[in-house]
Each structure stands twice: as structure tokens, then as C-alpha cells.
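S.K.: Residue strings, one per chain:
2 protein chains.
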Amino acid sequence: MLSKQMLYNLENSSAIRQMFIEGQELAARVGAENVYDFSLGNPAAPVPEAFTQALLDIIQTEDSLTLHGYMNNAGYPEVRQAVADSLNRRFGLSLGMENIIMTNGAAGAINIVFKAILDVEDDVVVFRPYFGEYRSYVSNWHGRCVEVDPLLPSFQPDLEDFERKIDERTKAVILNNPVNPTGVVYSAETLESIARILERKQAEYRHEIYLLVDEPYRELAYDGVDVPYVTKFYGNTFVIYSFSKTLSVPGERIGYVVVPPAMADWENMANAVTVANRVCGFINAPSLLQKAVARCLDEKCDIGFYDRNRRLLYDALTGMGFQCVRPEGAFYLFVRSPEENEKQFVARAKKHNLILVSGSTFSMPGYVRLAYCVKTDMIQRSLPAFEDLAREYNLIP
Amino acid sequence: MLSKQMLYNLENSSAIRQMFIEGQELAARVGAENVYDFSLGNPAAPVPEAFTQALLDIIQTEDSLTLHGYMNNAGYPEVRQAVADSLNRRFGLSLGMENIIMTNGAAGAINIVFKAILDVEDDVVVFRPYFGEYRSYVSNWHGRCVEVDPLLPSFQPDLEDFERKIDERTKAVILNNPVNPTGVVYSAETLESIARILERKQAEYRHEIYLLVDEPYRELAYDGVDVPYVTKFYGNTFVIYSFSKTLSVPGERIGYVVVPPAMADWENMANAVTVANRVCGFINAPSLLQKAVARCLDEKCDIGFYDRNRRLLYDALTGMGFQCVRPEGAFYLFVRSPEENEKQFVARAKKHNLILVSGSTFSMPGYVRLAYCVKTDMIQRSLPAFEDLAREYNLIP
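Just so you know, the protein sequences line up as chains A and B, in that order. First residue of the first sequence: 1, per our numbering; consecutive thereafter. First residue of the second sequence: 1001, per our numbering; consecutive thereafter.
What the hints contain is simulated information worked out from the structure, not anything from laboratory work. Just so it is clear, CB atoms sit at the ideal spot from N, CA and C, and this is done for glycine as well. Treat the hints with caution; some may be incorrect.
[To be verified] In the EDC-like style, the derived pairs of lysine to aspartate or glutamate whose C-alpha atoms are separated by at most 16 Å in a straight line are:
#, chain 1, residue 1, chain 2, residue 2
1, B, K1375, B, E1121
2, A, K4, B, E1121
3, B, K1004, A, D119
4, A, K4, B, D1122
5, B, K1232, B, E1299
6, A, K300, A, E219
[Unchecked claim] Partial chain A-side listing against chain B, Cβ under 7 Å, derived:
#, residue
7, S13
8, A15
9, V47
10, I58
11, L65
12, G69
13, A107
14, G108
15, L118
16, D119
17, V275
18, G281
19, I283
20, S287
21, L297
All chains, please: the whole structure from these sequences, using the hints.
M.R.: Okay, structure coming up:
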């Protein structure tokens, strides 16, 4: 007696979680220390001490009834102001508190934005490969995903294909920067090109096309690469942010959405997104967590930790003959499968106790994703297993 | 460029919040101490000290990466087990941790259950008067609300009308116990009758009809009245619970849903609700809050505080000639408007600085709701204003 939508969701239920469960079953059989689980994007860099101190200080000093009570569905005014101030300072923007809506992480934010803008059978354009849950978020509101191909081997978006895929049913475009699962960072040039195409298409079809920029990995960028702030290029942009990766707190569900002043009729849209936050059942972002992140807007977990893992794993795997785009952000490697059907490659890797995720999950068969947000020690111990695997495929030069 | 659904939500946007805002505007004009705001169901009894201590202890003793990290989308196993144990102990049930899914409050729980079971144009039966947000939760998943009339003046459900309103399109029934906005508590006899009717209708239409019992006010019951646990009467029951009122923590968004072993195919349903928790964007209930409530399952705010307010306001208003069902639970009075159009009564009350909410919000025109989860002192100071109002309507005996 499940709904048709739910049956669809169950059929397409997260292959990532499935691999994580298989990894745990394997660990129970052969010992956790002998399983090399690269399946889940669960942060491994320690939580900044400032976050813990902020929680303790807030709980000890603030009135508990106010601290844990209802506030405006968009969040505490002083929290929204602090977020706006921080963004203005860092990116030269002119946001007010009214432009910030605190949300239950990025997943909550994307859902309430889609709720506010998507009609049944509206199209949402996505760039392959992409986080598979976007499909669920779009289907919740009866929209349809339209996929744009990447350029290979760079995994930058194919902008000609992008332009072809937009038509009068296109209500929104969603992109992730830095990208899960490739680790690619879209440059200012790429984002400006996307903006120009969207401006042209808006004029052609005479309605807004909204861009959602999903930035949970914004702070996880390496080699000094720039992650541009997209509202500068395109007014009808929602910026989606989560503190999950920056502060290593994904279980706490805290993030925000920016509805910039450059968006058409932004006050109405900010109000709609706020009401969507309520009617979708979020009501508001968790109150204590709002206050805690407001005190940690300049804090980050140890990004160097992920950077060291990135170099170690990328250098080792490419040295063994595996092919992989060099990631500049996030904490994933997207490796080309040495055989066409990457699911067989995933199965063979598992025989070496290596838990990888099939690229089909990200609408990109022929590849696998490795999450390197793991203990460095596990990566080091896993390398002989990767070597054995490379030898099986005759990759080692 | 808002979606049609969103325009519907905005048009029907919470009149309760609207009155709260009007009350704040009035307070800015005439002084907060001169406004008697009975609009919002925001708890006023102090947060139990044990909750604050639980938060501090957890933050100071648990590993921060685990504490704030991802867990199973249904919640931490030990938290789910603690909730199951507590319910088993208190209500003589036989729940396991697999029957408990931790959620973002009751609003989140209702949405993920509807997501799991509602197809487009499925009917959901509701009992007038009811919390108006149910309409939004049903419309999120393109279901339709079918309203059952109450018996007057008791505000118990009209069971004959209930039976008439169920047909083959009925997928679910939702009830609130104790009831917002009337404070009525449904007795075991009433609930058993509802269960018998549903059993008969399930057999007649040969499909499951799910009962959602929304119990955020379960602990707020007075005069020793019993709030029966409905899974005992009807297997296909989802019990929805929130800690918002029990612990005075509505901003924290923490609750759970029970998928009982008596439900048809309950394992599949529990899995579906868990996946719905993820794909709707909640992912999981906030992690720190899960751990905190697990340590406070026997804690309550000072229920006596609400009871004293109840007696004070009920006795005073009925003494002035206002008509009102005597509430046995929650923290609301549902007062009959002395003129047919209760919106005019609300407007006239506002001239006396009394902020009430129109019964139309609850699909029950001709009545107004007063939330007495306020400082007792405010109730006392408001009584002369109510007296003036009663005199205007020639109510005072």
C-alpha cells in the first residue's frame, strides 16, 4: 500500500547507503580493520573545538525557553544577519538578513526551493554526473530531470549540450560546486557562460529560469582554487549552503539558502521559501544549531586533512594506471572503470575488501566513486588491495 | 514565478502566524505589557533542567565526530531502543527499535508518512475542527482533505458522519489527541469505535486505510484523564509524537513516528518511511537532539502551570457568559463567537488588545481559539479586557 512515488524512491534508493551496508556486513565477517570502505561521504576531519565551545556557552548562558523555542520560520534574525554579514565580508555582496533563510541542511533547502517553484512536469536541468538524490528531490514535486553531458576527460559541463537541453519547460537548473562525485570545480569562466546562456533563454521563453547552486563543499577546495560566488553572474540564483562538511556536523541538519536581492521579485520569493520551510514540515532549522553556527562562520575543519588524503590516493591510484580526473574540491575521486560495466568492477573490488560506489548512482556508468573522507591510515592500508586489483586488470605499467 | 501549489499555500498561509504578527505590531504601538496575545502555541512552561543537563553532559563526554555525524536515516539505534523501551513500559506495548523512526518533530513525521502512502488525489479524512497545517501536509503530496463534522457542543467526532465520509478513495485518516484547537480528549470508547469503523471499511474496500494519530499534546492532559494508546485498537496506526510541548523545545524539531508490529507489512512500511525521511530532505532527526531526548523520556515540563492557566481562563470566561467546551488537554480554549462572523469578533477583541485566532483557520467558523500557554500574569491582566468585550456583547449575566 505504498504510494507510486514511494515505490519509485525505493527502487532508486541510495546505492551509496547500500554499499555502506555491504561494507559493514563485510567488516563483521572479515574484521573492520580489513575492509577499506570508500562508500560514504561522512566527514572524518575533527569537529572544530570552537563549535563545541559555542554549543556549551550558548546552553549555559541563554534563556532555555527562548533558546529552544519557536522563532520566525526563516530563522533567528540575529543568525540570519550574521550569515549575511559574513557573506558580504567574504564575497563583496550586499545581502540583508531578509535574503537568508536558515534551513535543515542543503537537502532541506533544495526541497523547499523546489516546492516554491516547481509545477507538475516542469523540467530541472542537471549536469552529469550528479548526486543521485537530486532525482528524488525533483520527483517529490513532480518535476522531471533533464541531463546535460560532461566533456571528457575534464568533467566540465558541455555548454553546447546545456543550451540544447533548455526549452520552455525548463523551470530550474541545479549544479553542485565543487562537484560530488568528481571533485571538479567550475571556474568563473564556466559559470559566466552558464549565466549568459540562461539570460538568453529567459529572454527567449519570457519567464524566469532559476539556478540552484548547491555548495556544501565550498570550503573544501584545494591548491588555492577559487570557487566563485554565482549571484555575481546571474540574478535568479539560489545559493544553497550546508555546514555539514565545513564543520563536520552532517547529522545536525543545519544550512541556509540565499535569495539574493538581484532575483526577480525576491521579497515574494523569500517569503514563499519561508512558508515552504513551514508547510514541508521543517518549520525552522533546529534552533540551538542556528545559534551555534552563527558563532562559527569563520571556522573550518582541518581542510589539510582531506587535501593530504586526496594527494595520497590520487597519486597512488594514477600511479597504478587507474584513470581519474584530478579533483580540486570536495572529498571524492571519480575513477574510470577498467571494464565497461562498472558494477562488475565494483563487485571485483569488493573481493579485495574495497567498497566503492557505482557511477550509475550518479547517472555516469563506466565510473566509480571513492570517498576519501576516511582515516589516512585506512587509505595507506588499502593500497596493496588496489595494487592487486590493478594487476588483475593489467593496468600497472 | 511561484508554483501553483505554493500560491495555494501562500493564500492559505497560517492565520495563526498572521495574528501573532499583528499582535507584535500592536505591542510596538501600545506597549507589550498592554497586549494580551493568545495567538501562538509556543510553550511557556520552563524547559526541564534535566534536558539542559543532558545536552551539556552529552557534548562534554561524547566523541564530537560521532555525536554530530550521520547515522541511519531512522536515527541512532540506542535512541530508537530507548524510545521503544519507554513506550513498552508505559503503555504495555511490544515495540522494538525497528518500530521507531526519529523525525524532525511531528510536522516532519506527518509529511514523511504521507509521502510514503499518498498517491495523487487520495483522500485523507480529518475531524473538524483541526490544525490547519494538515491541509498543507496533505496537499504537498497532492492528496485531498475530507472533513468530518463534530458533535456539538462536546466537539467529539460525529461517528456517523465519519462512516459516511469514508469511501474507496480514502487512504488515511488523521486525528489529533488531545485536540488542537478544542482541548478535547478522545476517549477509549470513541477511539475503539473509530477503529471498528475503519476495520469494516478496510474489509469493504479491500485495502489498507491508515490512521495517523498526532500526539504532541499527549502529556498535557488534566484532571487525570486517560489518553489511550491507539495501536491497541487498530493495527494500521502511525503514532506521531513530538517533544516540542512535553519538554518546551519546539524550535529544536525533534519527535518520532511509531510503525507498530500490528501494521500490515510493517517492515516494508518502516523502511519506506525511513527512505521518505531521507528523500524529503530531512535526512535524519538532528543528532544531538536525538541523544538529548533519549535521556529525558520520563521528563515533563510543569504540566501544573498549564493546568492553572486553564482553570483561571476557563472559569473567568465562562463566568462572563462566553461559551466554551471544557478542555481536558493541550493548551487551548475554543470559544463560541458571540456573533456569527467570528472574524468580526476577532477584530473587535483586537480593539481591546486581545489577540485571538479565527476558527476558520481550523475549518470551524463561528469560534475562536485562545492559546493559554502564556504567562499566568498576562491572563490575569487580560480579564478586564475580556469583561469589557463581554459587556459589548451583553453576555454578562
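S.K.: To test your reading of the hints: which numbers does this structure violate?
M.R.: Numbers 1, 5, 8, 10, 21, in rising order.
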